[in-house]
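A.B. asks: Chain residues, written in single-letter form:
Number of protein chains: 2
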Amino acid sequence: MRAEIISIGTELLLGQVDNTNSSFLSRELASLGVEIYHHVTVGDNPERLIEAVKQAESRVDLIVLSGGLGPTEDDITKKTLAEYLGVDLILHEETEDKIITYHKNADFEMPENNQLQALILADSTPLTNDTGLAVGMMLTNDRHHYVLLPGPPDELEPMVENYLKKELVKHILEEQVLVSRVLRFFGLTEAQLAQKISPLVKKQSNPTIAVYTNDGEITVRLTAKSKNEDEGNKLIDEVEKEVMSYLSDYFFGYGEKRLAEVIKDLLMEKELTITAAESLTGGAFLSTLTSGLSAGSILEGGLVTYSSDKKNKVLKVTKETIDKYGVVSGECAIEMAEKSRKLFGADIGVGLTGVAGPSSLENQIPGTVWVGIAYKDKQSFSKHFHFGYKRNKNRRLAVLNALELVRRTLKELPIENTQFYGEDKQ
Amino acid sequence: MRAEIISIGTELLLGQVDNTNSSFLSRELASLGVEIYHHVTVGDNPERLIEAVKQAESRVDLIVLSGGLGPTEDDITKKTLAEYLGVDLILHEETEDKIITYHKNADFEMPENNQLQALILADSTPLTNDTGLAVGMMLTNDRHHYVLLPGPPDELEPMVENYLKKELVKHILEEQVLVSRVLRFFGLTEAQLAQKISPLVKKQSNPTIAVYTNDGEITVRLTAKSKNEDEGNKLIDEVEKEVMSYLSDYFFGYGEKRLAEVIKDLLMEKELTITAAESLTGGAFLSTLTSGLSAGSILEGGLVTYSSDKKNKVLKVTKETIDKYGVVSGECAIEMAEKSRKLFGADIGVGLTGVAGPSSLENQIPGTVWVGIAYKDKQSFSKHFHFGYKRNKNRRLAVLNALELVRRTLKELPIENTQFYGEDKQ
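For the protein sequence lines, the chains are A and B, in the order given. Sequential numbering of the first sequence, starting at 1, is according to the numbering used here. Sequential numbering of the second sequence, starting at 1001, is according to the numbering used here.
Misleading hints may appear alongside valid ones.
In silico negatives: residues of chain B with every beta carbon more than 10 Å from chain A [as the list claims (entries may be wrong)]:
#1 D1130
#2 V1169
#3 E1240
#4 Y1254
#5 E1271
Computed list of lysine to aspartate or glutamate pairs in EDC-like fashion (alpha-carbon distance at most 16 Å, straight line) [stated by the list, open to error]:
#6 A/K202 - A/D230
#7 A/K270 - A/E412
#8 A/K390 - A/E242
#9 B/K1393 - A/D154
#10 A/K225 - A/E28
#11 B/K1390 - A/D154
#12 B/K1165 - B/D1130
#13 A/K390 - B/D1154
#14 A/K393 - B/D1154
#15 A/K342 - B/D1309
#16 B/K1393 - B/E1423
#17 B/K1225 - B/E1028
#18 B/K1165 - B/E1035
#19 B/K1324 - B/E1362
#20 B/K1257 - B/D1215
#21 B/K1342 - A/D309
#22 B/K1376 - B/E1338
#23 B/K1225 - B/D1215
Source of the hints: derived by calculation from the structure; they are not laboratory data. Here the structure is a predicted model, which means the values were calculated and not measured. Glycine residues also receive a C-beta, built at the ideal position from the N, C-alpha and C atoms.
Same shape as in the complex, but just chain A:
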């Protein structure tokens, strides 16, 4: 099946917001095997919206519209479609109740317009909005499927995940079910990963294999169509085994969790605590661990020691180490890890030191990074990296690779002769 995505909103044409709905919808539809050849964006203008819908009708079966379901005068999508398709707008009572309850609880008066968000096209299937008020819908007539979704991504995304996909599977795949599994990898670039599994991707059509990257962490999604869930899972098991035969060294978990979250889970599971002393990353390592889910049980605190003086005076890295090896050294990284571990009474201490850039430090060029790890009574160690990027990317790569070092340490995985992500080819 082919689909076209039409985004509606003058704010998109003014560039006031990025259009992330089109890419999100494309990924989700691709995972269902739906092909997309066009994205189109128009403003809050009925003529241009109808023109875009007509054109889409001439090209595809499934037309997905996002935006323009809100309560203001600019929100023209439902009214325009109703007139164009010659169907009535009717009240969706469940949504109306929800809107009334919402305003009662919020203790401020409901603007009259707000009830507009409870109108749906007659004979359409309503799509619940778990995170907002405007109801979505899917309408099928004798020639096309029309899907209307709210514009805000935090409303659209759960609606698609939780409701639209099920509807589409019912309509598009008929008797079939769709099973998918997400594998997560770190340590190589998207191109390197794609190359490793390219023979597999080429010969594979069910399950499909889709690869995405987000800031160094790579997602591989396997999606199988099958008669039932058991069979789907069996198909996925087989392909997963093949994928893992190429990539198991880089695998860090199932599902959408970020590397930092996986490490937090690992620490919690093992009832361990972590701390860090950060120089070039300036708080970014600790901040990454404490964002997302609560971190109270795995982290009591940590330290940023930017200057040599404070590495010595506050963290107690010895003057000898600093004078003999410099602060950009494995020795300093190890001592930062050990001293922070002691200061915060943690099971594992991480020291991050190096040169973020743009200037050099101690005659070492930007991108030079040392990470030290001190873990319980194990031998402390350091690892040297060189990332040849700009300041903020060097910092981000230092944080990600330090997290990966923690993961490998806790899992007792090899560290020497292992490929790490973002390093210069040398």
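For chain A, the structure is supplied; the task is to place chain B on it using the hints.
C.D. replies: Below, chain B alone, put in the same frame as chain A:
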């Protein structure tokens, strides 16, 4: 003048990358007074590209294409346009030299294809690529202007800023010049800001007033068309004065610099150093200050004390304060600020404590935040905030408002009875 933006790339239709080029180009073109009614995305497919170009030709004067200028077989834009418009592709020698030099310096062999990136449409104006190899171009025939830009945003954006806009001004505005000025604000929502200046926006056409928001920081861009730069600046001065009559309380600087960068500049200018003790923000405040430009001269280090125990043992917040007032208190925030200032020998210390969420702490609900400020021999103080959002947004708002508190302290601006950003209406 009207324009249409056509993005080319199968990766966009698969949702593998977000289309940020369309929004960036829209903003830039809007600032020139160019109107945009459609964004269209097609894959690496010559037929569909030509179809999209034909449709755009029927609707607008200026057609801006992004993507497909690289060296691989997928990169079809130039070849397709050349055939469609009946013009030759010729070698742009400057770009060819650059490609050869690049590969010589990089010390790896140049793939033959790479030279394709030096081809331009005959009679087009080349647009220099400061951050990559593929040259851009602008071609004007008797009916339309065609602009071809590379797909990667880090190549497209400088090309537009540094070269395309000048070309467009020459072609579109003829004898005129375009002067623009960027004002930056923090402390109110985009809607609140827009409402305050709406009478001004309504009556104004030259200069234009455009409002954008980025994570709580608001940009107002004034753009004037005029005969010469002096006159343009005069027009902008007048409108700026009017804008500031509504908004001066929230103004933090000119240009694109983030709030954190402005505060770093301010600290540098005054030769002051800063430190922080962070609880709920877990390193995000320090990380924000140390990202971007170098921070070595204004920051020697800081501390994350997540647990009460480490607030006491490492930071030396007294047991009495913690027992009497709790860690979620103004008293604790002040003591964190003062003790961190002492520990790191800084001029200004910032203490951040509170409840990020999702759980409550000390019977205080998520979003409760206290920021303490200790500055030289001035009386220390704290400010209470309540942000009713999710964990990560509560943390981000705490960081931004702490930065704003530092700015107000250093500038001796009022803090009581001042509106801060992101607080619950209460």
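A.B. asks: Was B/V1169 rightly flagged as not at the interface, with every chain A Cβ beyond 10 Å?
C.D. replies: 18 Å, holds
A.B. asks: Does the claim that B/E1271 lies off the interface hold, with its Cβ farther than 10 Å from every Cβ of chain A?
C.D. replies: Label holds. Min Cβ-Cβ 15 Å, cutoff 10 Å.
A.B. asks: Quick one, are A/K270 and A/E412 close enough, alpha carbons at most 16 Å?
C.D. replies: 13 Å, holds
A.B. asks: Are the Cα atoms of B/K1324 and B/E1362 separated by 16 Å or less?
C.D. replies: Since the Cα atoms of B/K1324 and B/E1362 sit roughly 12 Å apart, the hinted pair holds (cutoff 16 Å).
A.B. asks: Please verify whether B/K1393 and B/E1423 have alpha carbons no more than 16 Å apart.
C.D. replies: 12 Å, holds
A.B. asks: Run the C-beta distances from B/Y1254 to all of chain A and say if the shortest one exceeds 10 Å.
C.D. replies: 21 Å, holds
A.B. asks: Do the alpha carbons of B/K1390 and A/D154 lie within 16 Å of each other, as the hint requires?
C.D. replies: 13 Å, holds
A.B. asks: Holds or violated: A/K390 and B/D1154, Cα atoms, limit 16 Å.
C.D. replies: The given pair, whose Cα atoms are some 13 Å apart, holds under the 16 Å limit.
A.B. asks: Is B/K1165 within 16 Å of B/E1035, Cα to Cα?
C.D. replies: It holds: about 15 Å lies between the C-alpha atoms, which stays within 16 Å.
A.B. asks: Does B/E1240 really sit off the interface, with its C-beta more than 10 Å from all C-beta atoms of chain A?
C.D. replies: For B/E1240, whose nearest Cβ neighbour in chain A is about 21 Å away, the distance exceeds 10 Å, so it holds.
A.B. asks: Straight-line Cα separation of B/K1376 and B/E1338 no greater than 16 Å?
C.D. replies: 10 Å, holds
A.B. asks: Under the criterion that the straight-line Cα-Cα distance not exceed 16 Å, is the pair A/K393, B/D1154 satisfied?
C.D. replies: The hint holds at about 13 Å.
Checked against the numbered hints above, the structure breaks hints 6, 8 and 23 and satisfies the rest.
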